[in-house]
Amino acid sequence: MMENNPGTQPLLEVQNLSVDYAASNGIVHAVTDVSFTLHRGEVLGLAGESGSGKSTLAFAISRLLRPPALIASGKVIYHPRLRADQQQFEQSTLPVNVLDLTSEELRSFRWNELAIVFQSAMNALNPVMTIGAQIMDVLKTHRPGMSGEARKQRAIELLRLVGIASDRLKSYPHELSGGMRQRATIAIALALNAEIIIMDEPTTALDVVVQREILTEILHLREQLHFSVIFITHDLSLLIEMADLIAIMYAGRIVERGTQRDLYLRPRHPYSYGLIHSFPTLHGPRRRALGIPGSPPDLRAVPLGCAFHPRCPLAFGACTTHLPALRPVTAGSESEQQAACHLYDVRFTSEAPTTQTIAAQYAALAEGSGTR
Amino acid sequence: MSFSPQEATTSGSEIASEPILEAQHLQKQFPLRRLNPFGPKRAVRAVEDTSLALYPGRAMALVGESGSGKTTIARMLARLYTPTTGTLSFQGQPVGANLRAYRRNIQLIFQDPFSSLNPVHDVWYHLSRPLKLYKHARNNVEVTKQALALLERVSMTPGEQFLHKYPHQLSGGQRQRVAIARALAVQPRVLLADEPVSMLDVSIRLDILNLLLRLKEEEQLALLYITHDIASARYFAEDTLVLYAGQMVEGGPSEEVIQHPKHPYTQLLLSAAPDPDRLVAGKGLAPLPARGEIPSLVTPPSGCRFHPRCPSAMPVCKEHFPPRTDLGAGHWTHCFLYGDGSGTAFGGNGTTKE
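Line by line, the protein sequences are chains A and B. Sequential numbering from 191 applies to the first sequence in the numbering used here. Sequential numbering from 8 applies to the second sequence in the numbering used here.
Bear in mind the hints are in silico, worked out from the structure with no lab data behind them. Hints may contain errors.
[Stated by the list, open to error] What follows is a set of in silico ranges between Cβ atoms, one per label pair, in the way DEER data are often shown: (1) B:Pro38 - A:Ser225: 24 to 32 Å; (2) A:Gly335 - B:Arg41: 46 to 54 Å; (3) A:Ile267 - B:Leu39: 50 to 58 Å; (4) B:Val127 - A:Val318: 49 to 57 Å.
[Unchecked claim] Rough simulated footprint, nothing fancy, chain A against chain B, three-plus residues with beta-carbon under 8 Å: (5) 225–238; (6) 329–342.
Note that the structure is predicted; figures quoted are calculated from it, not measured. C-beta: ideal position from N, C-alpha, C; glycine also.
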């Protein structure tokens, strides 16, 4: 469906970003050494379970973190582009490090260039302001020169864009259904034509039918307005349908990334395989599935070596001692798929396993537990 | 009335036994406070005319969006709510006033294990309550012995390690296991699981579902599985019942309902469900056939409540709730698109406005 052209310019480069929470009983490494690049017009999916650091990562990129969280290291490089239509965050196209912005610069960076849609629309919207007032509020703050009438016209236009009738301008959040509220927050995110929209589980609280409508809407808007999306969710099956690239996080690190197709058809990391097969399918044979045994690690005491090794059916000696780095899974091929797993490291394994091998190991595990 | 719920769930020859729990024509209305004492009586019409039957060793899934009445049905079956009309019978006997005797056999598992366990009590206490209340254990030594056995049954081993832990020391999956063990402590015949995995991490959901499946098979429990995820209904339950805005719209063997959905609402639900296989087939995001949202249940649409959103609505859909049409192999639907519209199994009493 959507053609992603990997040749386009990068928009946002995250380099070796680490975020810690200074808790009273020790430091929690919520995000460790995460790097990725978002290109213009791309939908990047971040998938992972709760506690995998995906929301912390999004908050770090948008500089929304407050103590006790602190960004331990890393860079977030943003590549602005000159825009003719409206006022500019920077009058140059030199890349900037978002983490170095002053609060003044940050103010113009946010919403002009990067907007966020949060999970719970009920909490994200102000309950005592009408939807229209909240959209116009954004315009008033960031576009002081705009006249009142122009703001109102823009608000109506935005609501229409996300499929809300313009007479809803005077509605309060509680008068709207869950789906409409989430549409309204998307309208607010679109108000200034941001280049990047981070969506943090935007549809998790919604019913499947409404969820599907909103996702279709987001993809449709992206075609029209050419923004990039960082889409965070725990529902990998959604991402496979809508993202161009997917990164899978586990215990604060990216363990695998690749195109949606590669990930679905040929997951390389055993965790990715387990995650994909944690969703019962609608078609095909009804087979007994296992999910992933065990539970996600406590981030205060992440297992040594690969954090996934206590749950991994293919773990071997090196996994408990050496931390795997993200590396291409197939040397020399065109695929950009990368996995952080010793199984694809020639120093540890002579032959990389195929998806079938991983499947067989998981199946053996399922057999073993069935006898219990 | 020739309708019997057994027909609703029979999917061939494999069921020999009688239903253990049978609900006929359940209806629930929650009255609303009248601001004007002379105004009309108003009520939330949460569930209309639902009949279902649960069999030992079988699971039935209730599928629907929020507000479709799934939880209300489960709570009526557990008699946490008294049905406005309709009858419940357990092992052929109508459920009477002795609710403790009834609940000895019927237990609920709630959605959120973070709030269904008391944070100031440990696992031992949670398991000891039902054991003592239902007189399965007479003293604390017996409680400990049985609690360990229960933890073993929900795969929390070694049990000693968990017995004196508090809910905050357990992970979400472990908490839900404790909640299941607590339900099992009563030694029920029927488990009503209200979205038992939707609050859990994706990777451990199947683990909990498999645990329930194992209990169903090994102990011949009858299970009601409430979910909004139709794919998990296919995985988990032999039979599926689809609800929309308090009305039963379609039901039958899960595989039949999901592979050959007949009612437009079931079709909508299925096309909206995430399905990575669509990507592989190269079809992309399927456009949704119908827009809109679940209607208000205070003033529900007349006739079939799905008609305002239905792409193939006909004038008759506004007037009557369609009768049940049997489609063979235990599959049935309430829709005027099928059958001759007169209903084959029963007729007449389907309208929502009396």
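Going through the hints against the structure:
1. B:Pro38 - A:Ser225: 24 to 32 Å: violated, 59 Å
2. A:Gly335 - B:Arg41: 46 to 54 Å: holds, 53 Å
3. A:Ile267 - B:Leu39: 50 to 58 Å: holds, 57 Å
4. B:Val127 - A:Val318: 49 to 57 Å: Violated, since Val127 of chain B and Val318 of chain A (Cβ atoms, about 36 Å apart) do not stay within the stated range.
5. 225–238: holds (count 4)
6. 329–342: With 0 residues in contact (Cβ-Cβ under 8 Å with chain A), the coverage given for the stretch 329–342 of chain B is violated.
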